[in-house]
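Asker: Each protein sequence line maps, in turn, to chains Y and G.
Residues 1 to 214 in full-length UniProt numbering are what the first sequence spells out, letter by letter.
Residues 1 to 214 in full-length UniProt numbering are what the second sequence spells out, letter by letter.
A few of these clues could be false.
In the SDA-like style, the derived pairs of lysine to any residue whose C-alpha atoms are separated by at most 20 Å in a straight line are [as the list claims (entries may be wrong)]:
#	chain 1	residue 1	chain 2	residue 2
1	G	K57	Y	R8
2	Y	K57	G	G119
3	Y	K47	Y	T99
4	Y	K57	G	E120
5	Y	K47	Y	H104
6	G	K57	Y	L84
7	Y	K47	Y	A33
8	Y	K47	Y	T62
9	G	K47	G	R77
10	G	K57	G	Q17
11	Y	K57	Y	R11
12	Y	K57	Y	F73
Calculated directly from the structure, the hints in this document are not laboratory data.
2 protein chains.
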Amino acid sequence: MGAVKTKRMPRAVREQQMLDAAVQIFGQRGYIAASMDDIAELAGVSKPLVYLYLNSKDDLFTACIRREAQALFAAVRAGVRRELPADRQLWDGLLAFFTHTAEHPDGWSVLHLQARTHGEAFAAEVTAMRADIVAFVTQLIAEAARSAHRDPDLPEREVAGFAEALVGAAESLADWANATPGVTARQAAATLMNFAWAGLGELMAGRRWSPPGA
Amino acid sequence: MGAVKTKRMPRAVREQQMLDAAVQIFGQRGYIAASMDDIAELAGVSKPLVYLYLNSKDDLFTACIRREAQALFAAVRAGVRRELPADRQLWDGLLAFFTHTAEHPDGWSVLHLQARTHGEAFAAEVTAMRADIVAFVTQLIAEAARSAHRDPDLPEREVAGFAEALVGAAESLADWANATPGVTARQAAATLMNFAWAGLGELMAGRRWSPPGA
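Generate the whole structure from the sequences, applying the supplied hints.
Answerer: This is the structure we're talking about:
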């Protein structure tokens, strides 16, 4: 019955197994060095079946990017509870982000390194996901500013800039944390929180840093 | 005499003209769409001369990456005067960075978008430059922490994390500033300074953000 069950495995389940294998191989070896033979072997299926389901190496890679992007964004969204105070929302979001990237280093490598290194089409997939995350963070910061009753002091454009800064900093730190032995997700999140929140926190309290000569 | 002068132009000068043209074409059209014909025409030289001097499209692109990376790093280093207070050093460095990326949008596109999108060899060139900038920023932050007499509170690893966060935030904001009409270099620098310095400033003053349950 086990064999029958395996044969009857739904296509969707098989595809996820292929994507699991592909993310691991793409993430660890890089897009160019990854072979469809190795991906099929790791997934426990024949190479023709991989081509039948996912069509080509490019399409398989694109499917990996989309799945990993959705999983990362879903993890961050699920980590944030909008009813909590702003600093707690930011902390929970950062912790969810660094926990996900630490637990899925191959997925993060596919998203942040491989997808951006191998052509404009793949890079565009990641750019779209990143825009969603920036929009989400922008909304969080804008709401925090509103709840601190300081809207007039934080114009929309500056909030957009903070969101870009925070996302860029988080991406950079995730690479660093995954490449530096002994740095935990919690430490990476605390580092960015101490860097960013005390800064944003001062701003929410109306204390700005002023440039010389301003 | 003008014609003779042109013919006698030293190779180094001709090469810089070719690189100027190449950075503009690569930055604006992308690595793949850029043609050696267009680069030669914009540089006012023959295509064979471009190949004679720079060997291939790949070598020309690599030369562009190296030149633009060195120019950006030199601009940041020149902007920082180490005898000034830490916040002033950070402000001057950020202003120099955003001024350079705003004045050389094609160079920034070559470094931060094109070089990372078209293969591992080009990406490695940028990674090396980025590591130099992170090391420079790490040193600045470590010295600021020392001058604030708070070393024991800012362990080496956390300083390294702050440097990664700051560089990632700056990269992200430079893309955003160059893509957003009306955002000046000074505004981008002030946004990051308000985001980062008030945060680092609080830390230097020994005021940490504490995670829940810590």
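Asker: A separate judgement is required for each hint: does it hold in the structure or not?
Answerer: Outcome of the hint check:
A C-alpha spacing of about 51 Å is found between K57 (chain G) and R8 (chain Y), which places the hinted pair above 20 Å, so the restraint is violated. With a C-alpha separation of about 16 Å, the suggested pairing of K57 (chain Y) with G119 (chain G) holds against the 20 Å cut-off. Among the hinted pairs, K47 (chain Y) with T99 (chain Y) is inconsistent with the structure: their alpha-carbon atoms are about 33 Å apart, more than 20 Å. For the given pair, K57 (chain Y) sits about 18 Å from E120 (chain G) by alpha-carbon distance, which is consistent with the 20 Å threshold.
With a CA separation close to 25 Å, the supplied pair K47 (chain Y) and H104 (chain Y) exceeds the 20 Å bound. In summary, the hint linking K57 (chain G) to L84 (chain Y) is not supported, as the alpha carbons are separated by about 54 Å, beyond the 20 Å threshold. As the CA atoms of K47 (chain Y) and A33 (chain Y) are separated by approximately 16 Å, the hinted pair is consistent with the 20 Å bound. As the CA atoms of K47 (chain Y) and T62 (chain Y) are separated by approximately 18 Å, the hinted pair is consistent with the 20 Å bound.
A threshold of 20 Å between alpha carbons decides the hint, and for K47 (chain G) with R77 (chain G) the separation of about 36 Å lies outside it, so the pair is violated. Restraint check for K57 (chain G) and Q17 (chain G): satisfied, since their Cα atoms lie roughly 15 Å apart, inside the 20 Å limit. Proposed proximity of K57 (chain Y) and R11 (chain Y) is supported: the alpha carbons are some 18 Å apart, at most 20 Å. In summary, the hint linking K57 (chain Y) to F73 (chain Y) is not supported, as the alpha carbons are separated by about 24 Å, beyond the 20 Å threshold.
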